[in-house]
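Colleague: Please model the complete structure; the sequences and the hints are all you need to start from.
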Amino acid sequence: MSVIGHVAVNVFKESVRDKILYNLVVFAVLLISASYLIGELTAGQDVKIIKDLGLASISIFGLLIAIFIGIGLVWKEVEKRSIYTLLAKPIRRQEFLLGKYFGLVLTLVINVAVMTAAFYLVLAYMQAETPPNIRAAWPAPATDPAMLKAVALIMLELLLVTAIALFFSTFSSPFLSAMMTMAVWVIGHFNQDLRDYGATISSPVAAALAKGVYYVVPNFAAFDVKLQVVHAQAIPLRYLLLTSLYGATYVALVLLAAAIIFSRRDFK
Amino acid sequence: MKVHPAAWAALAALFAAVIGLQLLQTREQPLGLPAGVSTNLLYVRSPDFARRAALSFHALLADIYWIRTVQHYGGTKLSTGANKQYDILYPLLDLTTSLDPYFDVAYKFGSVFLAEEYPSGAGRPDQAIAILKKGLQAQPQKWEIAQELGFVYYWWLADYDNAAMWFNRAADMTKAPDWLRPLAAVTLAQGGNRTSSRTLWTEIERTADADWLRDQATFRLKQLDAMDGIDFVERIVQQYRARTGMFPTSWADLIRAGLLRGVPPDPTGTPFRLDPATGSVSLDPASSLNPLPNREHPL
Amino acid sequence: MDAIRTEALTKHYTVGFWRPRPYLALDGLTLQVGQGEVFGFLGPNGAGKTTTLKLLMQLIYPTSGRAEILGKPVGDVGVKRRIGYLPEQPYFYDYLTAEELLEYFAALFGFAAGERRRRTAALLDEVGIGAERRLPLRKFSKGMLQRVGIAQALINEPELVFLDEPMSGLDPLGRREIRQLILRLRDRGCTVFFSSHVLADAETLCSRVAILAKGRLAAEGRLSDMIAFEIRGWELVVSGLTESALKEMQEHGLVRGATRLAEGRYALELPLTPRPEETTAALVARGAALVSLTPVRDTLEDFFVRQVSGSTGSRFRETA
Numbered sequence: 147m148s149v150i151g152h153v154a155v156n157v158f159k160e161s162v163r164d165k166i167l168y169n170l171v172v173f174a175v176l177l178i179s180a181s182y183l184i185g186e187l188t189a190g191q192d193v194k195i196i197k198d199l200g201l202a203s204i205s206i207f208g209l210l211i212a213i214f215i216g217i218g219l220v221w222k223e224v225e226k227r228s229i230y231t232l233l234a235k236p237i238r239r240q241e242f243l244l245g246k247y248f249g250l251v252l253t254l255v256i257n258v259a260v261m262t263a264a265f266y267l268v269l270a271y272m273q274a275e276t277p278p279n280i281r282a283a284w285p286a287p288a289t290d291p292a293m294l295k296a297v298a299l300i301m302l303e304l305l306l307v308t309a310i311a312l313f314f315s316t317f318s319s320p321f322l323s324a325m326m327t328m329a330v331w332v333i334g335h336f337n338q339d340l341r342d343y344g345a346t347i348s349s350p351v352a353a354a355l356a357k358g359v360y361y362v363v364p365n366f367a368a369f370d371v372k373l374q375v376v377h378a379q380a381i382p383l384r385y386l387l388l389t390s391l392y393g394a395t396y397v398a399l400v401l402l403a404a405a406i407i408f409s410r411r412d413f414k
Numbered sequence: 257m258k259v260h261p262a263a264w265a266a267l268a269a270l271f272a273a274v275i276g277l278q279l280l281q282t283r284e285q286p287l288g289l290p291a292g293v294s295t296n297l298l299y300v301r302s303p304d305f306a307r308r309a310a311l312s313f314h315a316l317l318a319d320i321y322w323i324r325t326v327q328h329y330g331g332t333k334l335s336t337g338a339n340k341q342y343d344i345l346y347p348l349l350d351l352t353t354s355l356d357p358y359f360d361v362a363y364k365f366g367s368v369f370l371a372e373e374y375p376s377g378a379g380r381p382d383q384a385i386a387i388l389k390k391g392l393q394a395q396p397q398k399w400e401i402a403q404e405l406g407f408v409y410y411w412w413l414a415d416y417d418n419a420a421m422w423f424n425r426a427a428d429m430t431k432a433p434d435w436l437r438p439l440a441a442v443t444l445a446q447g448g449n450r451t452s453s454r455t456l457w458t459e460i461e462r463t464a465d466a467d468w469l470r471d472q473a474t475f476r477l478k479q480l481d482a483m484d485g486i487d488f489v490e491r492i493v494q495q496y497r498a499r500t501g502m503f504p505t506s507w508a509d510l511i512r513a514g515l516l517r518g519v520p521p522d523p524t525g526t527p528f529r530l531d532p533a534t535g536s537v538s539l540d541p542a543s544s545l546n547p548l549p550n551r552e553h554p555l
Numbered sequence: 018m019d020a021i022r023t024e025a026l027t028k029h030y031t032v033g034f035w036r037p038r039p040y041l042a043l044d045g046l047t048l049q050v051g052q053g054e055v056f057g058f059l060g061p062n063g064a065g066k067t068t069t070l071k072l073l074m075q076l077i078y079p080t081s082g083r084a085e086i087l088g089k090p091v092g093d094v095g096v097k098r099r100i101g102y103l104p105e106q107p108y109f110y111d112y113l114t115a116e117e118l119l120e121y122f123a124a125l126f127g128f129a130a131g132e133r134r135r136r137t138a139a140l141l142d143e144v145g146i147g148a149e150r151r152l153p154l155r156k157f158s159k160g161m162l163q164r165v166g167i168a169q170a171l172i173n174e175p176e177l178v179f180l181d182e183p184m185s186g187l188d189p190l191g192r193r194e195i196r197q198l199i200l201r202l203r204d205r206g207c208t209v210f211f212s213s214h215v216l217a218d219a220e221t222l223c224s225r226v227a228i229l230a231k232g233r234l235a236a237e238g239r240l241s242d243m244i245a246f247e248i249r250g251w252e253l254v255v256s257g258l259t260e261s262a263l264k265e266m267q268e269h270g271l272v273r274g275a276t277r278l279a280e281g282r283y284a285l286e287l288p289l290t291p292r293p294e295e296t297t298a299a300l301v302a303r304g305a306a307l308v309s310l311t312p313v314r315d316t317l318e319d320f321f322v323r324q325v326s327g328s329t330g331s332r333f334r335e336t337a
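Same order as they appear, the protein sequences are chains W, Z and H.
In this text, residue positions in the first sequence follow my numbering: the first is 147, and each later residue adds one.
In this text, residue positions in the second sequence follow my numbering: the first is 257, and each later residue adds one.
In this text, residue positions in the third sequence follow my numbering: the first is 18, and each later residue adds one.
Hints are computed from structural coordinates only; laboratory data are not their basis.
Keep in mind that a hint or two might mislead.
Restricting the straight-line Cα-Cα distance to at most 35 Å, the calculated cross-link-like pairs of lysine-lysine (DSBU-like) are [to be verified]:
{"hint": "1", "chain 1": "W", "residue 1": "Lys222", "chain 2": "H", "residue 2": "Lys156"}
{"hint": "2", "chain 1": "H", "residue 1": "Lys159", "chain 2": "W", "residue 2": "Lys226"}
{"hint": "3", "chain 1": "W", "residue 1": "Lys222", "chain 2": "H", "residue 2": "Lys89"}
Since we're looking at a predicted model, the values are computed, not measured.
Modeller: Following this line, the structure appears as structure tokens:
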């Protein structure tokens, strides 16, 4: 296993020992209790709500992990100076950075996988418990595999957020990094409004600025197909591929920028 | 440490790629949504829920919904689709004003564009009235809202009794301007009189603090001027008929008869149309003042 | 080929946010360290020793000048396979155990799993960490962390080792163990470059030293060249000396100074002449008894203080 791999495994070990994975327990408990409580509501609507809740929770939990571990990935090592001994070993700075990134990605993948499995389990239970006549009214089965497309795009979104958090972590303190990463995420989600904003205001300068920001800030809204998937709307393959390509390219861009900044740094 | 020039080149290339893909992506969005599901612009349907969910960020969320309201209106108005609907204009305004009951411009916008006839507006004066009444609940002494209510009844519903009632109520409110009381009186007495309309619109044009509102008022005033102009020219046509026993065949006849100095234009400069058969005068179809408010409708 | 070679290595920092001023941390250091040497890099705190080590490890980049390790420019990844580094006050991942840490570092060198375990076990034995090796590092004391630090620096059996204050945090027993370790490294042919502000260590271990003060090289060379190992005088500890006898000795110039010690003893400073045997005999004749006789030589400390206090000049350069 290469040097990057070893660093990545180490990051994963750290997240396990920092008990990050306890959030999975919280998630599972949340989902199961919610499904039980919502079961008291009108029949038929509860599956949609569980699907909405499940997907949103996967997204939020993943986001929290991505940001709050991501911002410390590099900063902690520099601050605590553990990076001194590490960089004296035969490892390049970029390899270190990539190792950190893939370590967090590994943590996230496992988290999302477990959450998705729990999610489908709850849905399978609901599917089994609901009488067939009500089930027929559902736009899609409870355990609709198409939802995995939404999960895949959520995962992609998390990869990008992680990269951005890592980027800020190479030069900024955790608090600032968290703020900036969240700001980018929020702006990215309201990207649609930015684009339309340009069409409705009169000042050409402001419109140009809005449009510029729209193109530069990652378009996180594009990764959000939760609504479509819950309503059993088809997601064209072309859309998935294009969005994935966009996401991957952006990740590469951010990681490269982070590597450039990191390789020029003095560690005081 | 010097960064390898290849790294900078790669950075630039990736940046360009990202923007390019974003452009491509833009064309793919938005994904189609099933019928009957309101667009995710709303996020929530219930204003109550929205208020609670917003925690302490009501005002900000109200702003966001306001931006979406304007976009929805603008986007729908500019779109070339056959069956465009302003279907979520009212819900959006309702959400905006629920989150921020003091969002005055939202009420004004609603009163104008909810009531405005389709395709320039939603064509739903009832929704406009609902929004305005809601505004009064939050600000019972805001005379502007009461005046807007009077206006909707007056202009769109030709309900002069209700209009006058609201103008009167507005006049009773704090800091109400002086012209509201006489306006109420005139409305009651003369209903669809052009004078009262002109008073209203003049006042709106004078006090409007948003371009779109002022432009609306100016436009209406020009229409009223056009209607005055039409009346005037029609009287001249009658004079001609009285003299010659016939309707004029063209403007030239009237000019030769010394009754007109030149071809009469409407306030935008477009010449009026003369119908030789009936002697009636109307706007040129190309005039931007079309369609004039109905002669039987508030005038 | 030199183990380490620097040429006019210089590092400026800018200090201050509103009116940044340049701070000269290291000024034109030119140095060579030969292979197999035990080289002491000495200087008071803030002299620039740690800056130099960081420049050699490429943790920071020089403002100007060059440095080479084992014939290659610093930062060469191949060279990193052959060196070890112990930073000052090391910190390691506190969620790992000592074993896991060493195995992790060993993995970075590409050793197979079995080899990693073997080296880890051997090194932990060598630095004296026993069963604690299975405890997470957050439970380690400073001294134990220092030992782990030395272990990780040696995990790859390096040819050249950089130690920044290796004795810090160790008790006297620990210090002695590390001294012996360094000598063992020397015997194996390893080059040892260590920085310290404790001169006693350098005196016993080093073949060559460099003394750094205020960012500049104050002195460099073989220890024996720098210190005159000749005797300057003697220190004689006696008991049973009466005050009158002492006064008499002093008047005759046989004793230069006297310090009263506990239990009725005196520490006497004797000049080079007359020879101590004579003075001793005279004292014994007056009823004193010998406790100890020690030659007083010029120490590294004397030399050091002379060099260091000689440097002048502020290292802040005011911008115009």
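Colleague: A separate judgement is required for each hint: does it hold in the structure or not?
Modeller: Structure-based check of all given hints:
1. Taking the CA atoms of lysine 222 of chain W and lysine 156 of chain H, the gap is about 19 Å. The hint holds against a cut of 35 Å.
2. Between the alpha carbons of lysine 159 of chain H and lysine 226 of chain W the distance comes to roughly 15 Å, so the proposed pair stays at or under 35 Å and holds.
3. Using a Cα cut-off of 35 Å, the hinted pair lysine 222 of chain W and lysine 89 of chain H holds, with the two alpha carbons roughly 31 Å apart.
Hint compliance for this structure: no hint is broken.
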